[in-house]
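Make the full structure from the sequences, and use the hints.
Number of protein chains: 2
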Amino acid sequence: MNNIQSYIKEHKERFISELVELLKIPSISADSAYKNDVLKTADAVKTSLEKAGCDNVEICKTDGYPIVYGEKIIDKALPTILVYGHYDVQPPDPISLWDSPPFEPVIKKTDLHPEGAIFARGACDDKGQMYMHVKALEYMTVTNQLPCNVKFMVEGEEEVGSSNLAVFVKNNQEKLKNDVILISDTGMIAQDVPSITTGLRGLSYVEVEVTGPNRDLHSGLYGGAVANPINILTKMIASLHDENNHINIPGFYDKVEELSKEERAEMAKAPFNLENYKKALDIEAVYGETGYTTNERNAIRPTLDVNGIWGGYTGEGAKTVIASKAFAKISMRLVPHQDWEEITQLFKTHFESIAPKGVTVKVKPHHGGQGYVTPIDSIGYQAASKAYQDTFGKTPIPQRSGGSIPIVSLFEQELKSKTILMGFGLDSDAIHSPNEHFGIFNYLKGIETIPLFYKYFTKLSK
Amino acid sequence: MNNIQSYIKEHKERFISELVELLKIPSISADSAYKNDVLKTADAVKTSLEKAGCDNVEICKTDGYPIVYGEKIIDKALPTILVYGHYDVQPPDPISLWDSPPFEPVIKKTDLHPEGAIFARGACDDKGQMYMHVKALEYMTVTNQLPCNVKFMVEGEEEVGSSNLAVFVKNNQEKLKNDVILISDTGMIAQDVPSITTGLRGLSYVEVEVTGPNRDLHSGLYGGAVANPINILTKMIASLHDENNHINIPGFYDKVEELSKEERAEMAKAPFNLENYKKALDIEAVYGETGYTTNERNAIRPTLDVNGIWGGYTGEGAKTVIASKAFAKISMRLVPHQDWEEITQLFKTHFESIAPKGVTVKVKPHHGGQGYVTPIDSIGYQAASKAYQDTFGKTPIPQRSGGSIPIVSLFEQELKSKTILMGFGLDSDAIHSPNEHFGIFNYLKGIETIPLFYKYFTKLSK
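Protein sequence lines, in the order shown, are assigned to chains Z and U.
Numbering-wise, the UniProt record's numbering puts 343 at position 343 of the first sequence, and it's gapless, one number per residue.
Numbering-wise, the UniProt record's numbering puts 4 at position 4 of the second sequence, and it's gapless, one number per residue.
Honestly, the hints are just simulated from the structure, not real lab data.
Note that this is a predicted model, so its numbers are computed, not measured.
There is no bait here: all hints are sound.
Chain copies aren't distinguished; within one or between two, either way the pair holds.
Derived DSS-like pairs: lysine-lysine, alpha-carbon spacing no greater than 27 angstroms straight-line:
(1) Lys12 x Lys455
(2) Lys9 x Lys24
(3) Lys279 x Lys357
(4) Lys177 x Lys416
(5) Lys9 x Lys394
Structure follows, in structure tokens:
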């Protein structure tokens, strides 16, 4: 596959412009106002798979947004790789913090991306990383170098919990049969430090509602005499962490995997500079659970974060009101062995139990998923490692990610195969944030590395 | 003045329709989008004063919204009453909870208002109660029964702190010279229990901003490792009350007036039914400072309430983000002798001091005002008491209100005269809330009672 570089060089501009077109469609799955755009994106993905050489490409209906499926079966005797990605994106809020409109991609150079980066919502998560696989397939089919069978499954509900994908996978085990699952929806440590994600955190996402009086009240006439739902909500949320930032929910830590000294020492080898980290975020100090390092806090430890809070008067000026209701969106990142449904129940029971008289509390589970760990001695991991060695000249570092891809554990359970997470994004790519971007270098490096995974995985499978 | 009833009977429909027209103008002083409507309302008030017989009516410019001034001087030897009111209203949010549009007044009968009530923002606070005085003046001038001099001062910034009124009063002491100030911007205990407000709480209103990382972050990649501004804000706000709902700000209670057993016993005589109170608000229990009754908590004790809170993703669905900033609007109701500027400074110093490393905090004072107490042995109080006795057949009960009319203490300081608070609204009129209303009975009873105050005040002044 030594002509991959030249193929990329030759088609670079087209590779970029095709991705830019895909990024222009605001496929925000969380907001029903964008329904048509999400569906439009599914069609665009279907077309791109056909052009790349996939057969039997279809848009599979679900109770939510459709799943785009396509395959290229060259020989049933050869191994099959199932590529997963998602075409939906996070909401771009807060829009005002974007330097350019989130759905009008622009290419700009940055310190970390001297070759330029594409700025747009979804550039990295996950349209850009998903599209690397489409272009890698194009290369292998056009140059007749596809060494094994491949199946694509691209969904449109990853950012809202993939609940319909779960159903789809359960009902299509034969169709999705594979020897390894390949996903690019994570990051790597640095441009010159390739890494393979070997662990993911689980997730439990809930929304809480605290109701006090049956109507908004004048804070002068009622202030001090009735429970103020916002004050109560702050008290309840604050009580969820103790003075060591340990989570205060009975049973929450019961199944948490405690890593050995050796494992923690291994993790500590990953290059990390606390000063640069703080500088990049413009914070004076990091903050988290006592007794753990920053890299441990965001990878091997569970968390509880408020993702949104609202209640009362939030407009211009002042309104002296006691709101009838207050709300918060709260997510918990879970580590392997913590069951997200069990944790969601523990949260619900506890949160309802700490509500004082004078308010009523509703806890509405949004979605969730299990954590995941993959062994580094599998054929898949070895193939990925060799691929990176060829393109980066370095052995990739196995890395635990703090993020969640809930469906990975589902795949293992339903399809009985391991997932290899080859991420090419950087933490600084600001996924889920304003000014999300994806480096041209990373994009093309992914297209270059993926076919090598196919090659080595096929070889090692013999 | 025994023909006042017949005059009201004769002009009732017009009195109501004129008020309805005034209520149609959305004079929301807190929201600059309504600037023209606020100004339009000032013009409408000017016209109404002229029609009611006022001389020298003028719209006095300020750095904010104008103050409408008018007067009727019949004899410099006679006492002068200064009537104060405001033509601006609270924002109607949340609009969705209104049964009818806030600025399209409708008249509906309710259990408490069998003769009907006008539903609209400002119906009671304060357009309705202010307009009672305009109609009372009309009656006295038309029937040639005005017993003394009268001056009107109607402002458009009461709901946002009256800062420009303060300047106006300081600069116009001669013009505003008076023997007593008369205000209807409070309530009475019940339809059949007239009361005169003898105390008001002061106010300090601040907005706080907590900033963590310089951008929104992915809660998976950073969750647990950096301070989440929303979690921190909830912790900081929660810490402002102790387990007895005592406010946790050093020095906050230093100047709080402690009432004697006798005074508290006197207060306790006011008719109050806790079960009905809870039922009306649809709450299982009241909530407040340990050791005080509901009526004490909302009248003679200071409070700290969050009036609004926001941060992160508050839209539909789920977004796994750690927000860069979180905000809250917080107001403190103060009791006599607490200085609002001093309390604001105490809050600022304390709130900034409890911010953990990893976040920065800004405290922005909005506005405030002092508390107020008026003696019940003054001529003004006696005149008001007699007026109520004539129209309600009962001696009104002196009552401490939990609300704030910051300018009352300013009037005493600058104009050296006492204020009499003759309120005709009910707590259930939902001022500052959706479905604010004002009873037709209350509106007309006010118009009937006010001229009697003029009569008795003039008599007692001799």
